[in-house]
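Novice: The task is to assemble the complex, starting from two chains supplied on their own in separate frames and drawing on the hints.
Quick note, the sequences are listed as chains X and S, same order. Counted from 1, the first sequence has number 719 at position 719 by my numbering; the numbering is strictly sequential. Counted from 1, the second sequence has number 21 at position 21 by my numbering; the numbering is strictly sequential.
Since no wrong hints were added, every one of them can be taken at face value.
Quick list of simulated restraints, FRET-style, between CB atoms:
| id | chain 1 | residue 1 | chain 2 | residue 2 | range |
| --- | --- | --- | --- | --- | --- |
| 1 | X | Arg9 | S | Lys112 | 47 to 57 Å |
| 2 | S | Ile115 | X | Gly39 | 35 to 45 Å |
| 3 | S | Ala104 | X | Gly71 | 30 to 40 Å |
| 4 | X | Gly374 | S | Lys112 | 47 to 57 Å |
| 5 | S | Lys112 | X | Arg56 | 34 to 44 Å |
From the derived model, a few chain S residues whose C-beta atoms are all more than 10 Å from chain X:
| id | residue |
| --- | --- |
| 6 | Phe18 |
| 7 | Arg41 |
| 8 | Met102 |
| 9 | Ala105 |
| 10 | Phe107 |
| 11 | Arg110 |
Since the hints were derived computationally from the structure, they do not count as laboratory data. Bear in mind that the values here come from a model prediction, so they are computed numbers and not experimental data. Even glycine gets a Cβ: it sits at the ideal position worked out from N, Cα and C.
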Amino acid sequence: MRFLQRLLRIAFPEEFRAGYEREMLRTFSAQQRDASLEGRAAVLRLWLETLADVFRSGPRQHVEQLRHDLGYARRAFRRRPGFYAIAASVLAIGIAATTAIFSIVDAGLLRPVPFEDANRLVAIRELTPQDAQPWELSYPSFKDLQANATTLESVAAYMRNGVRLGGREPRSTEAALISANLWPTLRVRLMAGRNFSVEEDAPGGAPVVMISNRLATERFGSAGQAVGQAVAIDGSASTIVGIVADSTTFPDRNVDVWMPMGPFGTQSFMRYRSVHVALVVARLRQGATIETARAELEAWMDAQQARDPKGDPGHRILVRSLAAQVTATSRAIVAALLGAVALLLAVTCSSVGMLLLTRGSGRATEVAIRLSLGASRARLTRQFLTETACVALIGTVLGIAGAYALLAYLVSGLAASLPPLVLPTINGAALAAALGAAAVATMLCGVAPAAAALSFVRGPAPAVERRRHRLLTAQVAVSCALVVLAVILGRSLDRLFRVDPGFRTDRMVMMQVSLPPTGYNGPDAMPRFFETVVARVRALPGVTAATAGAPPPFTSGSIGNVHVEGFSDTGGAVATYRRIQPGYFGTLGIPLIAGRDFNTNDGAAGELVVLINHGLARRFWPSADAALGNRIKIGVAEREPWLRIVGVVGDVRNRTLEEAPELAAYQPHTQRPWNGLYVMARTDGDAAAIAPTIQRLIRELEPEAVISRTQTMDERLAATVASRRFYTVIVGAFAAATLLLVALAIYGAMSYSVNSRFREFGVRAAIGASAGTLKRFVLGEALRPAATGLAVGLAGGAMASFAARALLYEVGPFDTTSYAAVTALFLALVALASWRPASRAARIDPTVALREE
Amino acid sequence: MTARFHADDYLPLTAPMFEVLLALADGDKHGYAIIKEVRWRTDGRVRLSAGTLYGLLKRFIDEGLIAECDERPDPALDDERRRYYRLTANGRAVAVAETHRMEAAVFQARSKQLIKKPRTT
Numbered sequence: 001m002r003f004l005q006r007l008l009r010i011a012f013p014e015e016f017r018a019g020y021e022r023e024m025l026r027t028f029s030a031q032q033r034d035a036s037l038e039g040r041a042a043v044l045r046l047w048l049e050t051l052a053d054v055f056r057s058g059p060r061q062h063v064e065q066l067r068h069d070l071g072y073a074r075r076a077f078r079r080r081p082g083f084y085a086i087a088a089s090v091l092a093i094g095i096a097a098t099t100a101i102f103s104i105v106d107a108g109l110l111r112p113v114p115f116e117d118a119n120r121l122v123a124i125r126e127l128t129p130q131d132a133q134p135w136e137l138s139y140p141s142f143k144d145l146q147a148n149a150t151t152l153e154s155v156a157a158y159m160r161n162g163v164r165l166g167g168r169e170p171r172s173t174e175a176a177l178i179s180a181n182l183w184p185t186l187r188v189r190l191m192a193g194r195n196f197s198v199e200e201d202a203p204g205g206a207p208v209v210m211i212s213n214r215l216a217t218e219r220f221g222s223a224g225q226a227v228g229q230a231v232a233i234d235g236s237a238s239t240i241v242g243i244v245a246d247s248t249t250f251p252d253r254n255v256d257v258w259m260p261m262g263p264f265g266t267q268s269f270m271r272y273r274s275v276h277v278a279l280v281v282a283r284l285r286q287g288a289t290i291e292t293a294r295a296e297l298e299a300w301m302d303a304q305q306a307r308d309p310k311g312d313p314g315h316r317i318l319v320r321s322l323a324a325q326v327t328a329t330s331r332a333i334v335a336a337l338l339g340a341v342a343l344l345l346a347v348t349c350s351s352v353g354m355l356l357l358t359r360g361s362g363r364a365t366e367v368a369i370r371l372s373l374g375a376s377r378a379r380l381t382r383q384f385l386t387e388t389a390c391v392a393l394i395g396t397v398l399g400i401a402g403a404y405a406l407l408a409y410l411v412s413g414l415a416a417s418l419p420p421l422v423l424p425t426i427n428g429a430a431l432a433a434a435l436g437a438a439a440v441a442t443m444l445c446g447v448a449p450a451a452a453a454l455s456f457v458r459g460p461a462p463a464v465e466r467r468r469h470r471l472l473t474a475q476v477a478v479s480c481a482l483v484v485l486a487v488i489l490g491r492s493l494d495r496l497f498r499v500d501p502g503f504r505t506d507r508m509v510m511m512q513v514s515l516p517p518t519g520y521n522g523p524d525a526m527p528r529f530f531e532t533v534v535a536r537v538r539a540l541p542g543v544t545a546a547t548a549g550a551p552p553p554f555t556s557g558s559i560g561n562v563h564v565e566g567f568s569d570t571g572g573a574v575a576t577y578r579r580i581q582p583g584y585f586g587t588l589g590i591p592l593i594a595g596r597d598f599n600t601n602d603g604a605a606g607e608l609v610v611l612i613n614h615g616l617a618r619r620f621w622p623s624a625d626a627a628l629g630n631r632i633k634i635g636v637a638e639r640e641p642w643l644r645i646v647g648v649v650g651d652v653r654n655r656t657l658e659e660a661p662e663l664a665a666y667q668p669h670t671q672r673p674w675n676g677l678y679v680m681a682r683t684d685g686d687a688a689a690i691a692p693t694i695q696r697l698i699r700e701l702e703p704e705a706v707i708s709r710t711q712t713m714d715e716r717l718a719a720t721v722a723s724r725r726f727y728t729v730i731v732g733a734f735a736a737a738t739l740l741l742v743a744l745a746i747y748g749a750m751s752y753s754v755n756s757r758f759r760e761f762g763v764r765a766a767i768g769a770s771a772g773t774l775k776r777f778v779l780g781e782a783l784r785p786a787a788t789g790l791a792v793g794l795a796g797g798a799m800a801s802f803a804a805r806a807l808l809y810e811v812g813p814f815d816t817t818s819y820a821a822v823t824a825l826f827l828a829l830v831a832l833a834s835w836r837p838a839s840r841a842a843r844i845d846p847t848v849a850l851r852e853e
Numbered sequence: 001m002t003a004r005f006h007a008d009d010y011l012p013l014t015a016p017m018f019e020v021l022l023a024l025a026d027g028d029k030h031g032y033a034i035i036k037e038v039r040w041r042t043d044g045r046v047r048l049s050a051g052t053l054y055g056l057l058k059r060f061i062d063e064g065l066i067a068e069c070d071e072r073p074d075p076a077l078d079d080e081r082r083r084y085y086r087l088t089a090n091g092r093a094v095a096v097a098e099t100h101r102m103e104a105a106v107f108q109a110r111s112k113q114l115i116k117k118p119r120t121t
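Next comes chain S alone, as it looks inside the complex (with noise of 0.2 Å):
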């Protein structure tokens, strides 16, 4: 019999690992598509390592909030196959709250006038 999944107890996460569940929100991806897309986003602030984010990759993995899929080969590295990683239900779920946590805070900061109205971009 499992517990039953609370997605706070995973609260809050640290920035590589809400990057790395947020890289997987829009699809599979492998490792390297992983590091590679982060760091565009976050204009290279956040930077993984292989060593990084294998240790993510594998803690998330025995706690159920991605899986892995089956290897196949990446178009882009000629044929070389590679391990896909697909968020789950929990991933998704934990993801979510750590946005909506965040979300809190920005609005709490904001009441208290500590930044002054939302960026548009």
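Chain X with its partners taken away, still in its complex shape (with noise of 0.2 Å):
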């Protein structure tokens, strides 16, 4: 019979139980009696035919009760529809955004290095004296490194190139110049084909080439039909050796062909240690660390310099891991994005676990009458476990659904602002432990009112009260701080896009303009082509000036050492320089400072000219004027011939926005011809609207042209900020998020406690408290939770607006308008997510209030 009682209690449920356990046992024995009465077998088959009516009939009791359950959870859904819609929303909205953003967090900053046993690979690179940002090592140096470096298992290069695509629709696209061993170090296997033989990979090697498995898709049908196929890359047939998977980004995700480096090892940029032109990656030794690593580069380095103490004066190595090297911007916020996506997380559920208190002391009441009726603790406890778990269900599908909306908008905004090796997905241990988060959250408060085995619940109502209250403070606090910090990187972004980048961005559109490779011989051939483009460009209705020029603004360009006839030593100045057609600063509004323009004399066969920028004449002479007429050259002393500066223009920020106006210098295109530069126009409307215009005269004049990275001058200085922008969209993704939270709480704690005080402000209006005395008594109510957790936010806004401030420009972390801003949204928030409360506080008839109790 104790077995029997043992297996009743495991079987069904304890309200069950409560009803007729007592009774079921009993007519059991009954049974029993009865059935000895008649034999063993008959006491047997009894045995035998409740055993299996018990493991029928329990189970069935308990979907009995759910469906009870369920059903009380309906009538409660029906009578409170708004209240369950905002805590349902909160969790959506706090699932969502948690998981999007820690998933692009993830893919960005945590794994940004996709590859197998990634930390043993680093990046090397030289830092300058010249330049903030680390430069490129020399292809000899790259191979003295390859050959000699001790500490480092292998080591393998790469560079960027443009390559012209031949075949029935050529095109340009993205390459990369490889040494044979990077896909080996990196660890990365090939989709079908084989990696490039130490004999491709040098001087003389037969032309082969590797693809990305989207163009092998797109040109031969499949990866395993593209090998073995020739395929035109800037004119030469070359054989594909090999398909590199579409999840294979390296070096970003838009090169589609990778060729071997060491061919190209006979031309002049390859062969000189002052260019610069390998990006190096490279697998350290079992057992050595970066540390070790690095002083042997460093003893190699100075070597190198004791060598030659002209080379490179003053550079200095730098290793640090890929990892670093590919996320280098962007240490700094790492961590405060973390920390906020936990923040996130934890307002998420204090918002949610609010709500369901608050509504849970409305329901102190109906829980008492309840349990005197004769209800269990056990049973209550069940009942709003069930109401909950259909908040947290209806809440976790929605936010699942919008975790995926959300990242994949916010993927397609910020796709150039992403980093570049891993593209994000939904991660699916973010989003477990986001659902895991809220949904005990969501039970643990959901269920108090009833079990009363939290803090929260016990206690005379002032102090639950008073706990509602901290919670709310700690909220508003959470949401504050990043408001604060969404708010000043804003304003520094905003700060950023009105800097003067010494020529005019607006109404101008441009795409790179490449000719083929065979039919333009001569020195003035390329130059001529140009020449007609620009004129007929410029002849087109809506055009008000054109020009060609290569790089074009907002790219770093080509660097090289400055020489200046009668200084011996120019202390290490670099410039940029760039081949332009006339009529560049005119088109691009940069002012003529000194001297004169390029014009048509400035031929093949006159005099070699320069122009160079107003910093470059600054640091050579006391004035623009002065530089004129003096002889520089830009690059290798040995091979470069001299060039008059007969021009000094205005300052341009090249690069980005935010970095200074380096030296520059401009040559005329007709004196140093290159087959591939930016046609621009500015127009008098909309500049993207008349590229197709300009795409169709220049293919009418050289159908084998590749017209490539078409846009407007705007977009191009949008992809400079791109990153700020990043952290800023992702951070204003937070701050709203929580202050859609934050606001929700408020509304649906102060609709809470009006509700539940109904009485109160009965009697507080009955004995003469006008409609206003009441509304302002619910804001006060609202207001003073929230001012303190204001103080608070704003304190730790500021401190993570400090800790950002790398990502600042011109806005310092403790920017007044920006914490005075804040206030004031704050203030407005509560204000407006109380009023509703506070006016049907004020409308309330005492008469009805007093009767009601």
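Specialist: Here's what the structure looks like:
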């Protein structure tokens, strides 16, 4: 009998047992007594039947009870649809924002390098006295390291390049020149085919190439079919030997073609130690650390400089993990973002918790009545659990859908700003963590009123109220800190956009035009083509000015050492140089400060001339005018000719808006021909709209020309601030989410406070409190905890902004305007969120309120 | 406010459900008495176990088809006090409706000559 009793305990819900266990046992013992009169077989049969029945009807009772609880829940939802909608929305917003943002942070910053054993991969660069940005190594230096470094297991190099892809639809595409050991060093397995051989990665090697799976599919149908086929790269046929999977986005996700760099070894840009072209990535030998590698490479650098003191004076070696290299600009804010994710989750949980606790305390009467009518605590707990589980379920489903939608939106909106190697996808662990935390918070707070297990609901009412206020204070503080950071980042971005780059970016469109490798022989064939294009574009209706040049603004461009006639030491000055067509300065709106612009006399046969920017002139001469007539060289001294300075132009922020203008020189395209220039046009209307007309015109002149990278100058400008914008948008998204959650929480809390104190307000009204007084009373109730939260939050925001000061531009971390704006915003938010509850309190009719009790 | 009661909403009943209602049709009974009566009346074809029986009783009580009476001693079981159950008006209506339903089914079967003639006992 005891066995049966134990079995009933396991199989049947507690509530059912409370009503029927005794009866069931009695009935069974009576059955057993009668069966024993019929013999052993009958007793055995009774036991078997009863056991089978327990396992059948026990679960049925559980289902029955769940159905009951769901019915209760449905009725509860119907009574307070607004409340449950708010609770579910809070969960959904919290889960969606937390998961989507964490997924981006995770892909971009936590796991930035998707390669095997990635913590042994290092990036090697050179630090120069001239430039804040690290430089590439020279190709000879790379070969040196590859042959001699003992702390490195393998050393690989790559450089970016654009190539012209032949075939039926010629187009230009991103390419990378790589050393044969790049993929083995990264431990990347090819999708099909093989790696380059050492012979192919050397001068005179057979023309071979690897292409991406997407290009292979586009051109040949599949990866397998592409291997062994020929493809025209820059006009000559190359054999495809390998296919790179689309998930391998190295050096970035736009690269479609990889070529061995060795065959270019005879070209000048690969021969000189002073030409920095090779991006080097290496794998540490087992047991070696970044520190030991750095020590070895520093010694190597010193030895190299001792051999050739004039080579690259003052250069230092930079060895850091590949992950650090990829996320170099973003380290400062990683911790802040992760902290923000945790805070957002905390705000979500506490908002839901507070809503449910408030709701729970409003049901104290209901709970008391049902307990006194004989409902067990377990029964009530179970019912509240079902109710909150429904809320959690709805919130979760909406939250998951929201997370996917939000991630898709953020990824498409921020494509250019995302770190290059990994494409963010919803992170399963993050989703699980968000769901888990939200579910636990929901359940605990939902059950609390019935279980009375949490300290939150124990104790006298004022204590509960105090705890709730503290929770609200904490929420406001967290949200406020995030909003402060977002506002300061946003204002900083806005300031950056207001920086004068030195030229006008509005209503300008540009596109890269690359001429085919054959058919443009003779020194002036290419310049003449671009002169014709520029003249035809200028004649188009809607175009006010046109020119051509390369590289375009907001690109670092080619860099070379500056040599000045009469100066034995130039102090390591380097300058960018650009090839341009006449009309470049007029079209871009760059002022001519001294001397003259290029003209038609500056042809291939004339004296070699150059225009320099004001910064370069000031570096060596007292004034712009004094620079005129002097001669300079840019690049390798032994190889480059002297150029006569004929004019000085204004400084331009050519790289990014935040970096000060660099030293710059401009040479006429006629004297330094190149097959690819950017054609630029300024319009009197929508610049993007005129692009197709210009493209058509160029194709008429040269059907083989490759036209690419068509964009407006404003788009190009936006790309330079992309990563800043990335962080600003992410922090902004956090801030907006917490703001919404806090508003909902305040609204929910105040609504309930007013509802549950219906009688108190009735009494106040009866003894003469006016509607205005009541309204102010409720607003004050909401404002008091919020004000404390605001003070704490402003301080937190200041700390966060100070930590993120590397991302700020001309706006300090203690920018008073921002703090004033945030304070006003929160006061308005609290007033707005508690307005409706306050109005309800003001409208309470004392006679009704007093009668109700 | 309660919704209007429709006996047809509860149909069809399963065999154990119908037998339990039927067992209570001629007077209040306790659980074991119901089991015994059903078993005897159906020649042992319907054998109720305690789990099934009390599950049904709870459900009928929740739906208002039967009601619990006061506990009283069962004369057959010495002095033990037992709970007794009584058919309510609604419960009776449901049992009657189920009987009519089965009657109609038998009529239909007969008109199709599935069975020959009414069995007389």
